[in-house]
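Student: With chain F held as given, fit chain A onto it using these hints.
Protein chains in written order, with the working numbering: chain F, 852 to 1169; chain A, 7 to 85.
Because the hints were derived from the structure by calculation, they are not lab data.
Predicted model only: the values in this text are computed from it and were never measured.
Built from N, CA and C at the ideal position, the CB exists for glycine as well.
Do not take every clue at face value.
So, partial list: chain F residues that the calculated Cβ filter (under 7 angstroms) puts toward chain A [claimed, not checked]:
1. Gln1062
2. Ala1063
3. Phe1065
4. Arg1066
5. Arg1100
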Amino acid sequence: MNGALPGSKILGFGGYQPDRVVTNDELAALVDTNDEWIRTRVGIRERRFARDDETVADMAEAAGAKALAAGGLEPSEIDLVIVATCSPESPMPNVAATVAHRLGIVAPGAYDLNAACAGFCYAIGAASDSVRAGSARNALVIGAEKMTSWMDWSDRSTCIIFADGAGAAVVGPTGEGEPSGIGPIVWGSAGDQANKIVINGRNGSLTQDGQAVFRWATSLHPVALEACRRAGVTPAEISAFIPHQANLRIIEAIAKKLGIPRDRVADDIITAGNTSSASIPLAFARMAEQGRLQPGTPALLLAFGAGLSYASQVITVP
Amino acid sequence: MTDQEILAGLAEIIEEIAGTPADEVTPQANFVDDLDIDSLSMVEIAVAAQDKFGVEIPDEQLKDLKTVQDVVNFVSKSS
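In isolation and in its complexed conformation, chain A is listed as follows:
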């Protein structure tokens, strides 16, 4: 899966869970500061991302995933 495909999949998840329009989900976007996504929504996004991409994103890892690109990198590295 390319980074572009992961980004598109992630944008779909974020729109579904947090209601953020997919076109605002850019690689540089910070979840808290730019997308207004809190820690609980991050957990939901992680679970949905696990189902979609088949990679485990543990709670301990979540706090280090601050931007959309961080998640893309993590998924890309783990899959």
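Pulled out of the complex, with its shape left as it was, chain F reads as follows:
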């Protein structure tokens, strides 16, 4: 995409979900809701909850190990680790350094990045730029969330949506003459709507203005179109559209506006819930398992969430 700089690409993805499956009926026993309402409004059938003693770092480590294996890289080949998360147990130490150490990655640059549900695309953009600029040979990017730590279990508008999990990708350089596999990021924020998705205070829980967020998110198709344009592809050429798994209704509305057929659209939310920054790499790993991805073809990512923040880029399927 730019001859002056080396290119970057994604070498492999990995996902981790906790063991515990939580059905809509189980939540209906906690709050006034029901399976039919959740399926039609949000599209979720079931989701996964982490164990009480399972941390964001534990899940990040599991996903990171899978991505390293999928990318065929040794820990010694990684020198940057970025963990996108908005739900760590505490603000310090960061998750990234701990996870790097556990994975046997010695002394990498390691930092956490908070762009909430948009975090994974932000982190891929940051890792790609680092690889292209020569700041890192290869980077491990992880989105990991324990959203259930921040739920109000009496708020039926949020506790039925969010879930736990982690997903990861390895970013490395392209070979000589090989076209770049990560297109330019199109990103931004709308701080004027910062109050639409919030965790208030140290012991707060997540609240959101669902209707306002729905309106905003379903109007983000121009961001995805711009990412396609900057990568030199049309939506018709996109082999897979993997948006943040916030709500199936949002996903389908955006896909429709982009003219991308439903069978090319990730719908991992049905069984994973909304795992914030983990949702895109988790959905990617799931589509790969299902044989729905063709290596070498362009896939479109679009992430959006609290901030409000958004980001989109086209990547080549590894």
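Tutor: Chain A in isolation, oriented as in the chain F frame:
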């Protein structure tokens, strides 16, 4: 734009978003009770109506727009 033109435009939007046949979109039809359109679809319809008719339909206004005629009146008054 006449009320009839707004109604026709609105029927197109509702068919596109909710799959409701345009001929069922009559002025008296109630979105929830007659057309089976929920609050999220109403948001999508509002956004599409904004683009089509060039009027702002804020979230706070949406809950008061219960029938097709309510939307026609709102658009007609605002444009």
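Student: Which earlier hints can't be squared with this structure?
Tutor: Per hint list: zero violations.
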